[in-house]
Amino acid sequence: MSRLGPRTGAWLLAMLLLATLPAWIGNSYYVNIASQILIWAVLALALNLLVGYAGLTSLGHAGLFAIGGYAAAMLLGAGYGHLVAAVLALLVTLMASAVFAVLALRATGIGFLMITLAMGQILWGIAYRWASLTNGDNGITVASRPAPFGLSLSQAPAFYYATLIVFLLALASMAVFVRSPFGASLTGTRDQARRMTALGYNVWLIRFLTILCSGFWSGVAGLLFLYYNQFISPQVVALTTSAEALLMVISGGSGTLLGPIFGAAIVVVMKNVVSAYIERWNLVLGVIFILIISFMPEGLVPGSVRLWRSGWHALRGKSAPVSAAGSEASR
Amino acid sequence: MTALAITALNKSFGGLRVTTNVSLAVDPGERRLIIGPNGAGKTTLFNLITGELAPDSGNIALFGRDITHTPCRQRAHLGMARTYQIITLFQRDTIVRNIMLALLGLSPLRWNAVRDLDAQHALSLGAREVLRRVGLDHIAERPLAQTSYGERRRVEIAMALAQDPKLLLLDEPFAGLSIDERRDVQQLLLAIPREVTVVMIEHNMDVALELADRITLLHFGEVIVEGTRAAVVADPRTREVYLGA
Numbered sequence: 001m002s003r004l005g006p007r008t009g010a011w012l013l014a015m016l017l018l019a020t021l022p023a024w025i026g027n028s029y030y031v032n033i034a035s036q037i038l039i040w041a042v043l044a045l046a047l048n049l050l051v052g053y054a055g056l057t058s059l060g061h062a063g064l065f066a067i068g069g070y071a072a073a074m075l076l077g078a079g080y081g082h083l084v085a086a087v088l089a090l091l092v093t094l095m096a097s098a099v100f101a102v103l104a105l106r107a108t109g110i111g112f113l114m115i116t117l118a119m120g121q122i123l124w125g126i127a128y129r130w131a132s133l134t135n136g137d138n139g140i141t142v143a144s145r146p147a148p149f150g151l152s153l154s155q156a157p158a159f160y161y162a163t164l165i166v167f168l169l170a171l172a173s174m175a176v177f178v179r180s181p182f183g184a185s186l187t188g189t190r191d192q193a194r195r196m197t198a199l200g201y202n203v204w205l206i207r208f209l210t211i212l213c214s215g216f217w218s219g220v221a222g223l224l225f226l227y228y229n230q231f232i233s234p235q236v237v238a239l240t241t242s243a244e245a246l247l248m249v250i251s252g253g254s255g256t257l258l259g260p261i262f263g264a265a266i267v268v269v270m271k272n273v274v275s276a277y278i279e280r281w282n283l284v285l286g287v288i289f290i291l292i293i294s295f296m297p298e299g300l301v302p303g304s305v306r307l308w309r310s311g312w313h314a315l316r317g318k319s320a321p322v323s324a325a326g327s328e329a330s331r
Numbered sequence: 001m002t003a004l005a006i007t008a009l010n011k012s013f014g015g016l017r018v019t020t021n022v023s024l025a026v027d028p029g030e031r032r033l034i035i036g037p038n039g040a041g042k043t044t045l046f047n048l049i050t051g052e053l054a055p056d057s058g059n060i061a062l063f064g065r066d067i068t069h070t071p072c073r074q075r076a077h078l079g080m081a082r083t084y085q086i087i088t089l090f091q092r093d094t095i096v097r098n099i100m101l102a103l104l105g106l107s108p109l110r111w112n113a114v115r116d117l118d119a120q121h122a123l124s125l126g127a128r129e130v131l132r133r134v135g136l137d138h139i140a141e142r143p144l145a146q147t148s149y150g151e152r153r154r155v156e157i158a159m160a161l162a163q164d165p166k167l168l169l170l171d172e173p174f175a176g177l178s179i180d181e182r183r184d185v186q187q188l189l190l191a192i193p194r195e196v197t198v199v200m201i202e203h204n205m206d207v208a209l210e211l212a213d214r215i216t217l218l219h220f221g222e223v224i225v226e227g228t229r230a231a232v233v234a235d236p237r238t239r240e241v242y243l244g245a
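Just so you know, the protein sequences line up as chains A and B, in that order.
Quick note, the first sequence lines up with residues 1 to 331 if you use my numbering.
Quick note, the second sequence lines up with residues 1 to 245 if you use my numbering.
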């Protein structure tokens, strides 16, 4: 098996491009954009565990994203070191996720969505109104980025590489997760919860553990976001953040590993790059989403695979088994 | 010891009594057929036995153990498996994957989040063995979405068989099948060893009667007639409410 398949080749090329990105992109502004894409991609991947694999749509993930950042910011402000602050912040996120899960798992579907939305808004209210704790609208500033193993992350390329490592860890852990027996159990609860119970699975516990896992990676993304900006404010906790994360997942392709990453890239590029040229960048973003939903309702990544294959088959004059091939490729 | 003992079971949906004082005793290895007109409460009885519904009163015991308050998922671990009248399978997966999920449900491996499911050869070999029993091993890798209705009926039964149950509950296993397919499923059910106790709901009397040792007739949630196959078929009340004059 010495010959590399096209899939492995594509992965290696992507890794090479990501690893050398600061060298060929040059400008630190764009390196920072790349860091932002990776941070949001971690959040989108975390949300995708719920939306894509558990079939539970959350509109409160901004709360889990921000609570990690806020907890770390407060702990750093209280004089704790970076490592202690980060570990405690993730514990706080896990506890918040557990509360989210216990309350939201009383329902599925729209009920689940509404409960997560309500809890996200409660956290936003705390961030915005409980000024003695969160400094209200002014937010909290963090004096410095950490320097793991003595390596300073203050410059854009160094921070990019730190983010890239965390992103790859998140991606790898999720790739393993979705292929595992537990991952199969999870998609089983998404597709036939009733049968899963009759087969002996604890559907509630499977969903609960998945929410904890999703919450953990949301908290990690929140920590990265805090250190990237060295600042956190209630704006991060707002409903628009939850909605954007959900758009990243759905536009890229929920229930696929790569979809949320591309979704994150589209949204971040629109917000940061296109907005410099077009004042009404929101309009452009909206049009792009409408196009994606119209022509690739399953999302950009699985949709592109489907169109690519049907185009390939059309070129070779064969009738394409379109839908089957598309859904298979999206696994 | 009785395989399945139901005592004075009651269940109402609002003002509608769907299970009225039902008592039932099924011996180990017995084949029990439950019949009754539409709305007689047959599937509700199954849902009470499996724990998908909680009874208002009464008791259910599985091999002498009271399981009235045991959650549905734990009843699977105690040796109870069921099929559904409306096919309830995993549409996005292959046939063999469906069976693997059934095997995984009783294995501690189901909590493992780091190993590769596709590399669990014992599991996939076990699933293939079950598929061989129901005659579907030649299309094991086929996505379920590309299978026929008759094949899905057999996957439905295979999922329950895969769990090696002590008590097997079959909810209309012949529903919607052609005559040939019914014969196939009948052979498949006849081949189930006598260590397994089978309770079956079925309307297709021509194929179902041959499988039954005893028959219970439900009508408006009540047991009207119960006895051996011959006795129930000959009973005038059976003709009246069910078989038609």
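Hints are computed from structural coordinates only; laboratory data are not their basis.
In this text the structure is predicted, and so the values were computed from the model without any measurement.
Positions of the beta carbon are idealized from the N, C-alpha and C atoms, including for glycine.
Be a bit skeptical, because a hint or two may be false.
[To be verified] Here are the in silico distance ranges between beta carbons for each label pair: (1) Q187/B / V287/A: 56 to 62 Å; (2) L169/A / N10/B: 32 to 38 Å; (3) A175/A / F220/B: 40 to 46 Å; (4) N229/A / W111/B: 33 to 39 Å; (5) L12/A / Q187/B: 36 to 42 Å; (6) P28/B / L307/A: 56 to 62 Å.
Now the hints, each set against the structure:
1. Range check, Q187/B to V287/A: Cβ separation about 59 Å, and the 56 to 62 Å hint holds.
2. Checked against the given bound of 32 to 38 Å, the beta carbons of L169/A and N10/B, roughly 55 Å apart, lie outside it.
3. In this structure the supplied range 40 to 46 Å is violated for A175/A paired with F220/B, their Cβ-Cβ distance being about 55 Å.
4. Under the hint 33 to 39 Å, the C-beta atoms of N229/A and W111/B, about 38 Å apart, fit the expected range.
5. The hinted range of 36 to 42 Å is not satisfied by L12/A and Q187/B, whose Cβ atoms lie roughly 53 Å apart.
6. Distance hint for P28/B and L307/A: a CB-CB separation of about 58 Å, consistent with the stated range 56 to 62 Å.
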